[in-house]
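Peer 1: Model the full assembly from the supplied sequences, consistent with the hints where possible.
Quick note on numbering: the sequence shown equals residues 1 to 406 in this note's numbering.
Quick caveat, the hints were computed from the structure, so don't treat them as lab data.
These numbers come from a predicted model, not from an experiment.
It is possible that some hints are incorrect.
Each pair of labels, with its calculated beta carbon distance range [as the list claims (entries may be wrong)]:
(1) K11 x A106: 52 to 60 Å
(2) A49 x G189: 31 to 39 Å
(3) E99 x S282: 26 to 34 Å
(4) L217 x G189: 19 to 27 Å
(5) G189 x L95: 40 to 48 Å
(6) A49 x G210: 56 to 64 Å
(7) T98 x R286: 32 to 40 Å
(8) A18 x A207: 27 to 35 Å
(9) H51 x D338: 23 to 31 Å
(10) Q9 x G91: 53 to 61 Å
(11) A197 x L218: 19 to 27 Å
(12) N344 x A207: 40 to 48 Å
Backbone N, C-alpha and C fix where the C-beta goes; we use that ideal spot for every residue, glycine too.
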Amino acid sequence: MAGLGSAEQRKIESWLAALIQTEHLALLLGNGISSAVGHLIGTYPPSMAQHVSAGDETDLIRAHAEGSASQLGREANLEDEIRSSLDLLQGLRVLQETERAEQVRASVDEAMTGLLSGVLAFEKALGTALRNRTDAALDFERLIGRFLMPFASRPTQRDRLHLYTTNYDRLLEAAADRLGLRFLDRFVGSLEPRFSASRIDVDLHFAPPGVRGEPRLLDGVVRFAKLHGSVDWMADGGKIVRSSLPLGADQEHPMFPEEPSRTAVIYPNPAKDVETLAYPYSELFRDFAAAVCRPNNVLVTFGYGFGDSHINRVIADMLTIPSTHLVVISRDSLTTLDSFRRANSYPPGQTTELIGASVGGLAEFVDLMPMTLTSPLFEAQTAYLEKVGGHEQAVAGAATEQGTTQ
Numbered sequence: 001m002a003g004l005g006s007a008e009q010r011k012i013e014s015w016l017a018a019l020i021q022t023e024h025l026a027l028l029l030g031n032g033i034s035s036a037v038g039h040l041i042g043t044y045p046p047s048m049a050q051h052v053s054a055g056d057e058t059d060l061i062r063a064h065a066e067g068s069a070s071q072l073g074r075e076a077n078l079e080d081e082i083r084s085s086l087d088l089l090q091g092l093r094v095l096q097e098t099e100r101a102e103q104v105r106a107s108v109d110e111a112m113t114g115l116l117s118g119v120l121a122f123e124k125a126l127g128t129a130l131r132n133r134t135d136a137a138l139d140f141e142r143l144i145g146r147f148l149m150p151f152a153s154r155p156t157q158r159d160r161l162h163l164y165t166t167n168y169d170r171l172l173e174a175a176a177d178r179l180g181l182r183f184l185d186r187f188v189g190s191l192e193p194r195f196s197a198s199r200i201d202v203d204l205h206f207a208p209p210g211v212r213g214e215p216r217l218l219d220g221v222v223r224f225a226k227l228h229g230s231v232d233w234m235a236d237g238g239k240i241v242r243s244s245l246p247l248g249a250d251q252e253h254p255m256f257p258e259e260p261s262r263t264a265v266i267y268p269n270p271a272k273d274v275e276t277l278a279y280p281y282s283e284l285f286r287d288f289a290a291a292v293c294r295p296n297n298v299l300v301t302f303g304y305g306f307g308d309s310h311i312n313r314v315i316a317d318m319l320t321i322p323s324t325h326l327v328v329i330s331r332d333s334l335t336t337l338d339s340f341r342r343a344n345s346y347p348p349g350q351t352t353e354l355i356g357a358s359v360g361g362l363a364e365f366v367d368l369m370p371m372t373l374t375s376p377l378f379e380a381q382t383a384y385l386e387k388v389g390g391h392e393q394a395v396a397g398a399a400t401e402q403g404t405t406q
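Peer 2: Quick look at the structure:
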């Protein structure tokens, strides 16, 4: 898409302002959001173009991975090869080919260790930039705030924003801390939060002083789920727990999994003693389907490449409901979106695409987003405090106000 004129830009701004006030709103973020931040801080999230090396089994694994990926109209990536390796691993165990099975399992551990290390290296670069208050960190705070806050700052009469990501990193959790947003997920507990199937309807309310009656919904609250798991999720005795792995920890940290194929909960993963296809991923995808497959829902995707069949199936089901709408935002063209269009109903009246460098990059899209009420005040405070010092403490307070004020 060519550069936008002022009239086109105002039209998109007005449309987005109306869009994010719809009755139900969901936001799905893919690797594009992490890549955009990686461009700012100079360290990108790990590439999925890596390969599993499993000795004599390598060619079989890659052929199987390429076959499954081609059905989605894309090339095979590391996740595909890990899935194929795990399928082969189960088959070898059935055949009691113990030695070959152990070789495949070791190759999966090696690949997953590399993947986790790459995620943590990206997190470490982000954390270092934020601690040192670099120009990149300030750009990150400004952009991520202008991106998330209009979606999150919905009237309390509306349904909460449902925020989903396929990323393993904790970029969004770091952003929520800086912006004063509260994430509601399925984890319960303080010292060792545990994934729970019974916490989906939990919410946060407050009672204003001197006001009687029903408590009011607290502002700045978002329902949040990581559809592919997270770098800090671990399987422990049949439970899924969120470990105390610090942001950007080194591989030598005691909480880094020694055998990721047995304990780390990132998709795909056998996670010993946990039925991966049933738990926790089935719970997360049920939540996703329940949130988006209902009347008057808008689903906005940013940086999602339409390369996941589970997610695509839910989106296709959503579009069978006439009052729903899909908005696709991407900096780069998506051949996988072409495949999705051909394979599913894609009504023109229910779909909008903002694709191209002029509208689909993080900075470019942020320029199109409507301002929240306190955004100008927040940015003015940030600029002023950068001059006089004391930036970090004051920004935290200002961001909290921004996240809880209509």
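Peer 1: Run every hint past the structure and note whether it holds.
Peer 2: Checked hints:
For K11 paired with A106, a C-beta distance near 56 Å keeps the hint of 52 to 60 Å intact. Checked against the hint of 31 to 39 Å, the pair A49 and G189 passes, with Cβ atoms roughly 37 Å apart. E99 and S282 have their C-beta atoms about 33 Å apart, which keeps the hinted 26 to 34 Å range intact. Range check, L217 to G189: about 23 Å between beta-carbon atoms, so the 19 to 27 Å window is met.
Against the hinted window of 40 to 48 Å, the Cβ-Cβ separation of G189 and L95 comes to about 41 Å, which satisfies the hint. Taken as a hint, the range 56 to 64 Å holds for the pair A49 and G210, whose Cβ atoms sit roughly 60 Å apart. As the Cβ distance of T98 to R286 is approximately 36 Å, the hint placing it in 32 to 40 Å holds. Between A18 and A207, the C-beta spacing of about 32 Å keeps the proposed range 27 to 35 Å intact.
In this structure the hint that H51 and D338 lie 23 to 31 Å apart at CB holds, the actual value being about 26 Å. Look at Q9 against G91: about 55 Å separates their beta carbons, and that is inside 53 to 61 Å. At roughly 24 Å, the beta-carbon separation of A197 and L218 lies within the given 19 to 27 Å, and the hint holds. Checking the proposed 40 to 48 Å range against N344 and A207 shows it holds: the Cβ atoms sit about 46 Å from each other.
The structure fails none of the hints (numbered hints given earlier).
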